[in-house]
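Participant: If you want the building blocks of each chain, they are given just below.
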Amino acid sequence: MKKTTKKIATLIIISLLITSCTRDTNSPETNGIYNEGYFVTNEGNFNSGNGSISFVSNDGVVENNVFATTNSFPLGDVVQSMSIIDENAFIVVNNSSKIEVASIDSMISVGTIENISSPRYIVKVSNTKAYISDWGSNSIHVLDLNSLEVLSTINVGNGPEKMIFSNGYVYVCNVGGWGYEKTISVIDAENDIVTNTIEVGDKPNSIVSDINGNIWVLCGGFTEYDANWNIISQTAGSLVKITGFSVVSTLNFQIGNNPSDLIINDNGTSLFYSDGSWSKNVYKFNITDLELTNSPLISRNFYGLGYNDGHIYGTDAVDYVQNGWSYKYTESGTIVDSVQVGIIPGDYCFN
Amino acid sequence: MKYNIFNIFILSGFPFILVSQSISDSVLLEEIELFESKELKHSIGIRYEIFNKNFNTFSYSNSFDEILEKNTTIYVKSYGALNTPSFRGTSASHTLVSWNGIPINSAASGLTDLRLLPLNGFNNLGISYGGNSTIFGSGSVGGTIHLNNIPIFTKSNNSNFTIEKGSFGLNTNSLSTQKSNNNYYYYINYSCLMDSNNFEYVFNNQNRENIHSYSEGESLISNISFLLSKNSILQFNFWKTYLFREVPGNITVPNSTAEQTDKSERYLFTLFNYYKDFKIKVNHALLFDNLYYTDIPKQINSFYEGITNISEINLDYNYNKLFTRLNLSSLNNHLKNSSYENLEQTDLTNSIYSSISYQTNNFKNEFSLRKESNKSINHPFIPSFSCELKLKNYKLRGRINKNFRSPTFNDRFWISSGSIGNMNLRPESGTNKEIGLDFTSNIISCNLTYFNLNVDNWILWNQQENGVWMPENIRKVNSKGLESKINFNINIDSLEIRNEFNYQYNLSTNILGIDNLDASVGKQLIYTPRNKANLNSRFSFNNYNLIFNQSFVGKVYTSSDNLNFLKSHYTVTLKLIRNFEIINSELVFTIKNLFNQDYQTYLNYPQPGRNFLIQINILT
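Chains as they are written, first to last, in the numbering used here: chain Z, 1 to 351; chain P, 1 to 620.
To be clear, the hints were calculated from the coordinates, so they are not data collected in a lab. Among the hints, erroneous ones may be present.
As the list claims (entries may be wrong) - In silico negatives: residues of chain Z with every beta carbon more than 12 angstroms from chain P:
no., residue
1, Asn47
2, Val61
3, Asn71
4, Ser106
5, Ser166
6, Thr195
7, Ser249
8, Leu251
What the hints assert, rightly or not - Covered stretches of chain P (in silico footprint by chain Z; criterion: 3 or more residues with CB under 8 angstroms from a CB of chain Z, positions within the stretch not fixed):
no., segment
9, 504–518
10, 548–560
Glycine included, each C-beta is placed from N, C-alpha and C at the ideal position.
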């Protein structure tokens, strides 16, 4: 679940209309050690509890449902994201209001962090602490990595989404959650206090830091309609560069587009993102570029994007009620291969 | 006596208004000529059944979901606060619910929650298999559920008080009174319910309780009718419902905080005149339908409040063996919804249908045609042709017709940051073909029906490439199958055994993919079992009755590529009924899920294990 604007109430209605779900049966492979490959988080269907994790080995063999198969209980409802912190996988399960912690080697469950209202992402900030963004409380929870207990809670803007840890500070995209927002909260990770609130474009949804320590924020833009579906107001999406705690440049996208999924290559020199209105493509932006490009790198629409080791990855959820796909491309946009993963693959986690 | 009943009622401590146990089921048939239901009038060639109490006890705790699950081959899925049917492989919004001929599906979602349809309070409950949009309009695509209060103008005066106590904190009370003579008919039914529903289930090798599943509700149903003259009836129907539910999450969302309240009030005024071969019926329905859904920790506070006005004029003219009908109706929906821009929307649909039928003792046929007009939805003509032929004990029947479902208010007017309605949706269009053979004798009766239906332009909410969800006319579905039903009676001395066997085989498949990756093409639709069967037996001996219900539901797929499924399940319900003549009462002891089967009808929503229910009916 990476699209930042999804509204739970909407999904309730949608779930009435489309229905869906999973009890998986196709995991013939035995559990291996999950070091040589990468993970795909599959949201599963809202209110069906069939979110899952797929593991794709370096030689392209897929093992679906790695968590449920190992632990013999379902992972949960809407698997939003996963981060690897030290020896453990932290799997953020949005609608189950929890984070499952499992050993990265075996996927055996080692603990559950419960009662986080609507968790989205988790990021490590020190050897003992991690931050969890939570739409439900519009705050960041400070997690003790040893006890897996929440130590404290930091209030931020509406709908804290993706975070990046850079130079001792955590930059939080306040995407608006179930409302409207346009800020980045900057948290001093040592003292757990908000030191700055930076105004960026409307609905910041993703964030990366480059080789020079600059922060790049992708904002989706905001559209408002009236009763007759006429657009009352519409703002452009934007790519915002932050140096220190100030916006130093803003590049606007075409009005009506909703750019999303900002990722960065391993050397921290090239950005990639999806952009378009009803049909999106993947574009590349070098951190030294002064303008956004109009020529797509990959002419294909993806539900989620990832980057690892010279390759761009993108997911396709097909009809949202069946197993989706993950595509692998070279950095120049040439397709390498594709694999079938779980239901609604939304995000990646690389070792 | 009346006061006594009332005292018991008050003492039992129920804080709200309520419903009752219906009057005996045999009464209605005699009077049908006087007040014929729409579905009976148009039942030529189709499979139409009225439920009776042979295999069920109609109490307030047992709503339509239970009777469909146990006594028919219709699949019911239960999850959260929703219980919805799938007729003949179609989806929940393809079942229309009709209350005395008035459609009551939510104008917002197109659905009706079966839990809101009590089995008591109505003296005529039926279902029509296969869509009949020509007569009932939008949404009658897979089947139609009928809830009727039919007045009976014979001298009678009785009351019925029912109390139920069940496992997991289930309590219901209901009271009904009927009084009638050859001038008037008066019926009122009040029921109320409280249910914790906190059964236990196993998750990750631990016993867990189904928490946050409390519900309380009440319902008031009444029918007041006057025979104004020998050929004129004035009827007033009323139905009020209140149901509050904590909405449990699935097993992976154990700490749900959602709550839902459904409130509805329905008024129907009918004037019926009869002049020799000519009948005229004029009615007006006023429906208030409200739903409130809140999840405070998740900052959700949504609602809709709907007001529907339906006016209808129905003319019947009968010349010799020719029966004709002309029906004009006007339906106005006004909905307030927290997620509609402007917060409210209004929509007017006018429709006309006409039918002509030629009927002899052995041969009947009917042709009917409907046309609707709505300023923003373009409706095609909806024709239906059906006929039946009787040969001794056999009846051969068949029908070919078109059906449709209009886009709902949510489909059209929804607006929020992550999703948006679609004003350009077309109605879903269906075709239905069926042929059936019925055999009836004193000992046995059998029905066999083959159906083949298509739904084109099926509306599905789909995530667009910009991440926004929007409904589109994208699915095309075919569903075909075989339904069979066998009733047979066995008498051994004073032991009478009545049996009913139902079986359905259904192939319901998606025939249009959204792109070449779509693995759902040719696969069984989700939540539609290929096989469903049940066998009901009622053993009657003196004042004892034992109802033995066995129900089998084949595996249902939960993902459209059919890689994931819920396993098949077999459940047994036992009911022991003891009649006491001295105080004219009835004691019913029920064991549900006798073998304590662990099963689900919707992924990750566990069903209760073995549980018990005691019901006492006192008749005066």
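Participant: Quick one: work out the minimum CB distance from serine 106(Z) to chain P and report holds if it exceeds 12 angstroms, violated otherwise.
Facilitator: At roughly 17 angstroms from the nearest Cβ of chain P, serine 106(Z) sits farther out than 12 angstroms, so the non-interface label holds.
Participant: According to the definition I'm using, a residue is off the interface if its beta carbon is farther than 12 angstroms from all beta carbons of the partner; does threonine 195(Z) meet that for chain P?
Facilitator: holds, 27 angstroms
Participant: Are at least 3 residues of the segment 548–560 of chain P within less than 8 angstroms of chain Z when you compare beta carbons?
Facilitator: holds (count 3)
Participant: Just to make sure I understand the rule, a stretch counts as covered if three or more of its residues have a C-beta closer than 8 angstroms to a C-beta of the chain. Does the segment 504–518 of chain P meet that for chain Z?
Facilitator: holds (count 4)
Participant: Taking the minimum C-beta separation from asparagine 71(Z) to chain P, is that value above 12 angstroms?
Facilitator: violated, 8 angstroms
Participant: Would you assess whether leucine 251(Z), listed as outside the interface, keeps its beta-carbon beyond 12 angstroms of every beta-carbon in chain P?
Facilitator: Holds, since 19 angstroms exceeds 12 angstroms.
Participant: Minimum C-beta separation from valine 61(Z) to chain P exceeding 12 angstroms: can you confirm that?
Facilitator: holds, 17 angstroms
Participant: Run the C-beta distances from asparagine 47(Z) to all of chain P and say if the shortest one exceeds 12 angstroms.
Facilitator: violated, 6 angstroms
Participant: Is the claim that serine 249(Z) lies outside the interface with chain P correct, judged by CB distances over 12 angstroms?
Facilitator: holds, 25 angstroms
Participant: Are all beta-carbon distances from serine 166(Z) to chain P longer than 12 angstroms?
Facilitator: holds, 27 angstroms
When held up to the earlier numbered hints, the structure conflicts with 1 and 3 and fits the remainder.
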